[in-house]
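Enquirer: Same order as they appear, the protein sequences are chains R and S.
At position 30 of the first sequence (counting the first as 1) the number is 30 in the numbering used here, and the numbers step up by one without a gap.
At position 110 of the second sequence (counting the first as 1) the number is 110 in the numbering used here, and the numbers step up by one without a gap.
FYI, nobody ran anything at the bench for these hints, they're computed from the structure.
Treat the hints loosely; a few may be bogus.
[As the list claims (entries may be wrong)] Dumping the calculated DSS-like pairs for lysine-lysine here, alpha-carbon to alpha-carbon at most 30 Å:
#1 R:Lys53 - R:Lys2
#2 S:Lys44 - R:Lys37
#3 R:Lys50 - S:Lys3
#4 R:Lys37 - R:Lys50
#5 S:Lys3 - R:Lys53
#6 R:Lys50 - R:Lys2
#7 R:Lys37 - R:Lys53
#8 R:Lys37 - R:Lys2
#9 R:Lys2 - S:Lys44
#10 S:Lys21 - S:Lys44
[As the list claims (entries may be wrong)] Far from chain S, by Cβ distances over 10 Å, these chain R residues were calculated:
#11 Leu8
#12 Arg12
#13 Val25
#14 Ala32
#15 Lys37
#16 Tyr38
#17 Pro40
#18 Leu44
#19 Lys50
#20 Gln54
#21 Ile56
#22 Glu57
By construction, the Cβ of each residue, glycine as well, lies at the ideal position given by its N, Cα and C atoms.
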Amino acid sequence: MKNHLRELRAARTWSQNDLAEALGVSRQTINAIETEKYDPSLPLAFAIAKLFKQPIEQIFDAPARK
Amino acid sequence: MEKPNLIENYIPHSGQYSLQKDLRLNAWLAVTVAVYLAVLFMNKGHPNWSPGLRAFYLLLPVLPALLYIRAWVRVVRGMDELQRGIQLAGFLFAALGTVVISMIISTLNTAGLDLGVLLRSGLGIGGTFLVMFPLWLVGTAIAQCRYQ
C-alpha cells in the first residue's frame with residue numbers, strides 16, 4: 001500500500017529509529033512500511049495517524065478495489 | 001512506549017544482545033538438554049527398572065521443554081507485529097518441516113530400511129529439537145528476506 005510515511009518522518013527530521021521508538025515497534029517495521037513491503041495493522045495505522053495528527057487516508061493511499 | 005522484543009536481543013554480538021533476556025528464554029533449553037542427557041544415561045544404566053518408572057523418567061524432558069515453549073511464546077508475544085509475523089512463519093515452517101521429516105523417517109523405518117541406532121525409533125525428543133532449530137533458522141531467514 002502506498003503511503004507518505006517517509007515524507008512525514010523526514011519533515012520532522014526523525015530517524016526511522018525515532019519513529020519506531022515513538023510507536024513501540026521495531027525499526028525494521030518502519031522500514032518495511034516505508035518501502036511498501038508491509039501493510040501495518042489497523043491499530044498501528046491509527047497510532048501512526050495519531051502521532052502525525054493526520055487522518056489515516058492522508059497517510060495511506062487506499063488501494064483501488066476491483 | 002515499551003520497546004518490543006527483537007530476535008537480535010537473543011543473538012550474541014548483534015549489537016542489541018541482552019544477557020538477561022537470553023537467560024530468561026534459553027535457561028529452559030539448557031535444563032531440557034541436561035534432563036534429556038541424564039535420562040539417556042539413566043535409561044542405559046537401568047534397563048531392568050519397571051516400565052512405569054522408565055516411562056516416568058523417559059518423559060521428564062517434556063516438562064522443561066514445555067516451559068521452554070512457554071518462554072518462546074512470551075518472547076514472540078512481546079514482539080511487534082512484523083517481527084511476530086516473521087517468527088510465526090518461521091515456526092510454522094519448522095513445525096511442518098519436522099512433521100515431513102518425521103513422516104519420511106517413519107516410512108523408511110516401516111519399510112525396513114536401517115537408519116541407524118539414533119533414528120530406528122523415530123526422531124525422539126532431542127532429535128525433534130535438533131531438526132526444528134535449523135528449520136526455524138531457514139524459515140525466519142526466508143520470512144526476513146521478504147521485508148528487507
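Enquirer: The structure should be examined with respect to each hint, and the outcome stated for every one.
Expert: Taking the hints in turn, this is what the structure says about them:
1. R:Lys53 - R:Lys2: holds (19 Å)
2. S:Lys44 - R:Lys37: violated (53 Å)
3. R:Lys50 - S:Lys3: holds (19 Å)
4. R:Lys37 - R:Lys50: holds (22 Å)
5. S:Lys3 - R:Lys53: holds (22 Å)
6. R:Lys50 - R:Lys2: holds (18 Å)
7. R:Lys37 - R:Lys53: holds (24 Å)
8. R:Lys37 - R:Lys2: holds (10 Å)
9. R:Lys2 - S:Lys44: Outside the cut-off at roughly 62 Å; violated.
10. S:Lys21 - S:Lys44: violated (36 Å)
11. Leu8: holds (18 Å)
12. Arg12: The assertion about Arg12 (chain R) holds, with a minimum of 17 Å to chain S.
13. Val25: Violated, since 4 Å does not exceed 10 Å.
14. Ala32: Since the minimum Cβ distance to chain S is about 4 Å, Ala32 (chain R) lies within 10 Å and the statement is violated.
15. Lys37: violated (5 Å)
16. Tyr38: violated (6 Å)
17. Pro40: Check fails; 7 Å does not lie beyond 10 Å.
18. Leu44: About 6 Å separates Leu44 (chain R) from the closest Cβ of chain S, which leaves it inside 10 Å; violated.
19. Lys50: holds (12 Å)
20. Gln54: Nearest chain S Cβ is 19 Å from Gln54 (chain R), so the label holds.
21. Ile56: Ile56 (chain R) clear of chain S: closest Cβ-Cβ about 16 Å, beyond 10 Å.
22. Glu57: Holds: least Cβ distance 21 Å, greater than 10 Å.
The structure does not agree with the numbered hints 2, 9, 10, 13, 14, 15, 16, 17 and 18 stated previously, though it agrees with the rest.
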